[in-house]
Each structure stands twice: as structure tokens, then as C-alpha cells.
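Protein chains in written order, with my numbering: chain A, 1 to 321; chain B, 1001 to 1320.
Worth flagging that the hints you see were computed from the coordinates, not collected in a lab.
Source: prediction; values computed, not measured.
Heads up, the beta-carbon is just placed ideally off N, CA and C, and yes, glycines get one too.
Hints should not be assumed to be uniformly reliable.
[Claimed, not checked] One-sided excerpt, in silico: chain A residues whose CB lies under 7 Å from chain B: (1) ALA192; (2) LEU220; (3) VAL259.
[To be verified] Chain A is nowhere near these chain B residues, computed Cβ spacing over 12 Å in every case: (4) GLU1007; (5) MET1054; (6) VAL1062; (7) ARG1069; (8) GLY1088; (9) ASP1300; (10) VAL1320.
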Amino acid sequence: MAIPLLEVRGLEKRFAVGGAWLSGRQRVIHAVDGVSFTIDRGEVLGLVGESGCGKSTTGRLILRLVEPSAGSIHFEGQDLVALSPPRLWATRQRMQIVFQDPFASLNPRMRVGAIIGEPLAIYGRADTAERQRMVSELLDVVGLDPAFAERYPHELSGGQRQRIGIAAALALRPSLIVADEPVSALDVSVQAQVLNLLMALRRRFGLAYLFISHDLHVVLHMSDRVAVMYLGEIVEIGPRDALHGAPKHPYTQALLSAVPVADPTLRCERIVPKGEVASPLAVPRGCRFAPRCPFAFDRCRVERPARRTVGADHEAACHLY
Amino acid sequence: MPLLSVEGLRTQFATSAGVVRAVDGVSFAIERGEVLGLVGESGCGKSVTSLSIMRLVPPPGVIVGGRIRLEDDDLLDKDAEAMRRVRGARIAMVFQEPMTSLNPVFSIGDQIAAAVLAHAGGSRHAAWERAVEMLDHVQVPSPRERAHDYPHQLSGGLRQRAMIALALAPGPQLLIADEPTTALDVTIQAQILDLLRRLQAERGMAVLLITHDLGVVAELCHRVAIIYAGRIVEMAPVASIFRGPLHPYTRGLLRCLPHPSRFGQPLSSIDGAPPDLRRVNGGCRFAPRCPLVQDRCRRDEPTLAERKPGHFVACPVVTV
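Go ahead and model the full structure; you've got the sequences and the hints to work with.
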């Protein structure tokens, strides 16, 4: 069996919080707590969950923009956690990130051409003339006129800025792009344009994405497989159609039924989970979803469920299975 | 007579770069007990419409034309003091971000009690009891204890419940809800939508729901108005608009959403961008992006016409 492009095992990130560090009463948040998954070459894995579930931290950990507290990350066969800084620097060309907010992630003082050309310059690819040619080509690839190279970010619409962010991410010909809420700041008509672009680029360049979003329908639309996160862990992971058609974890079922669908004929029986997400400072001892789960029984409150196979390539962490 | 009628509303913002015609001839009515959705993308004028109804348009915005009637009263004729008596008591408003409308230095119980005192009078004790009752009514758990909490001590979902309790305490006839669930996670959004649906039905209150989310409209509204570049382009009962949208913009909006029957297939998108509202004149504002555009669309401004029972559309080209 071919090794996956990315293999993440037991990934953890703990943040210390609280001002009272001198008194030794520091508290710890497990933002990401034992996350494991793989992404194959050219595959799209969706990562969905609500605010604070750890999905964005997971994306940043994979690029080592945030240092993991524990776990391993293998990318193209190399252990990123063990890599020396120069080797990590070289490897990072192959993995890129697109952020949610194109207003915040583009340098307002740089022209678009310089923004897109910057990764090429940093990695010493091509001379100035060659870089200009590549920038024009990249602009064309993301559906913008090469004349945009002379503009500044503030002159562009949200959708155009997100295209610039994507062009910059593509410049070094990565094999993996972490797309962190790439369309969440956009109006729906523009959102559709950017989603279509991401799908076309994936086919054209054989890209793999870790596609992170809070919007379940967008994630289902974009992904081959989907992982659902809740309070720092993956509660269910499986092929898109299985996850949508036969969700196993009660939280996935709740998420699916909670999304308002713009089609009254599809309105289904709601499973609205009780209450709200527990504080990551006071994570429930057993299953983290148990306090809100309509099916919880005694075991759920004491024993943390492990991920079990519930179908072909489909796993859920729930004592019901 | 409808509860609220808006006729030919025009609200403009004079800027150094020209006059922005944010709302440009908007007309609609809301019956007692009806939920009307006002849907559009950023900058279409949906929030300015609601602020115009409350007469809370921030400067340099000015209402330059039209009429807004609440029952027998012409709201645009009222002086500031009379308008203040309308706000809260007869028309209340909830916003996307509860922290903008809750006062951070008073407990939520105090704020609701103050609203009760201002509108209904009575003793402070009775007002406090009423506040606890309202928090219970919006399903805040242990309302008697939580009434002492300050807004920052509450989660986003509870804060939104507290704001709804505050808005409803004086018993308004009309609730304007501006993106009330946009900042919330979907499971919390589902709880708040259920709550709004229940409160609306129990109190027979009319609701004007401002949103960009057609899914939320399908959940909560009886009728919906689609607004584009400062004008309503389509208005119809919810079932009718989702079963058979008529305006090319509405059709485009519905088709560009990921849908369970089309996951993974290319989405249709609406090319281009909305017009600059400083430079709109004659003709249909959607014409530059419209797949059905004809010469007359660029020349004549379309008006809303009833093409199916209760279903109005501002497009003479589309066939029913």
C-alpha cells in the first residue's frame, strides 16, 4: 500500500491559560487532544466542527505554525516534528495555507504581484523577469487578469483577494494546501466562484486539501472524506456519502439536522443537542458529547470512547457501536 | 390594514465620493403575526431598511423619501420624543452581536427590569420578577441566578437569549431581528431558531427577519423579500419562492448554494459583482450579471408585478 501524503497520529496541543502562573495555578486547555487521520495524494479531507473545537489549531499544527505538544506528523514520508529547521523550511514549500480573512492575510503595503511573487523570491526560485512571468501565469490560473499584479489589496473585492491568497499558495507548487475557512467571509454568490476555483485547481494540479470549515454543507460539497471534530477530538471520520447518508455519531447527526437547508421539502426531524459545548477547561471525563447527547448512558459518562470501525473506511468514537 | 407598511422608502448616504443610494424605492408590508424575511448579500440595503424603520440610520445617512406606517402612525412624521416611545415598546430590535446592545456594566436582570420599568412602570421588585420571568420564558437555565450575571459571563447563545428577553419584555408588536443567529454555531443557531419560532407563535408577534441565509428563511419565515442593490426584486410566500423562484438573481442565489443532491458538482455562480450604488441609474440593476438580459432591461426600470398569486417579481423577461 502506498504511504499517504500526510499521516497524523495522536496529535495534541495544550495551551496554558490563566494569569496566576506565579502561584502555580496555571490551567491547561487541550485544544487538540489525540487527533489522527491521513490524507492521500490528490485527496480532499474536510474538517468540520463548531467554534473552539480545535479544527483551525489542527491545520496550523500540521504546518508547524503552532508547535505540537505530542504526536507525530508525517508528510511525504518525513516526520515533520523531528525535522531540523533547515529541512523543515525546505519541506514547507510543499505545504501551503489559505486563510479565512483575505483582508487580514494580505500585506496592504505590497502590490499583488509582489505578494504572489514573495514565496518564489524567498525560496530563490527564478530571477526577477522569470518571476514576473510566473506571477502573470498564476493570476491567470486563479481567473484574474495579469494587470492585477500592479494593484494593491485594498483595491480588490473580497473574492478577488481570496483568489490572490490562493495564487500565492500555489506559487511553489505544493502537494498539500490547508484551506482554513477559505470562503466563510464571502457572500454566497462569490463563495460559489471560489469553491469552483478550488475544485478546478485540485483537478489541474493534483492537489490535496485539508479543507477546514464550520459549514457542514460546504465541507460535504468539497470533500472526498470528512472528519467531524468536537472539543479537540475527531468523533467521526468517513467517506462523504457515508457521513452524509448514514452518520453514526450522535453529534454528526445533530450537526446535519441543525443546518438550515434552503429547501422546505428537505426539512427533517431535528435532533437539537441540549445545552452548549462544555468549556475546554472542564472537559467531561467520559465522552465529551455525553452531557448534550440524547442517547447517553452510564458508560458514556465515565469512559472515553475510542474510535471504532463502523463501516467501510468509516470510524466513529461512540459507545453505541 | 397591515401592521407595518413601507412605501417607496429611499435612504441615502452623502459621501465625499458621491451619494450612495443604499435603499432606493423599497415597498413592503407586514401583517400582524407574520414573519417576513428580508434577504440579500452584503451592502444590498437590508440592514439600512431596518434601521430606517427604527429611524436609527447613522449619519451621514438620511431618509429622503417614502412613507413608513405602523398601524395608523406615520413614523417619518414623528418627532424624536414620539419616536422614542415607539422604539422598544412597539418595535423592538435584536442584532447579530448581542454585546453591541447589552450594557456591559449592568447585570442582564437589571437591564431587562429597567426596560420593564421604562415601558410599563410599577415597582422595582415587580420589574425584577418580570425580568426573571422573561429569562425563564427564553429558556435561560436557572433564570433567578443568571439574572445577576453580567453579559460577559454568558456564552454567545445565552447572551442572544438575554437580548431576546430584553427586546420582548415591553411586549412589542413587531420584532426586527437583524442576522440574529449569524454569529452562532449551528447547533446553537438551531436552538435560537426554535425559540424564535415558539415565541413568535405564542405571542402572535410580527417579525422582520434580516438575513443573508436562505436556509434560515426556509426555517422561520412565512414570506420573503429578496433585495438587490437597494431594491426588492422578488417577494413571495416561502413555499412559492423555494419551489419556483422567478427572478434570475433569486434563481442564481439558490443554485450557488451547496445542496445535498449536488455535492461535488460544480456550483453555478453569478458572475460579476453588484453595481456601485453611487452610480446607478435607469434600467434593471441586475442586468449586467443577468443571463436573460435584453435591451429593454438596460433601459426601463422594472417594477414588482404579481405573476403568480402572492408572488411578485421585478422582471418582465422571465416566464412563469
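Run the structure past the numbered hints and jot down the numbers of the failing ones, going up.
-> Hints that this structure does not satisfy do not exist here, as all of them hold.
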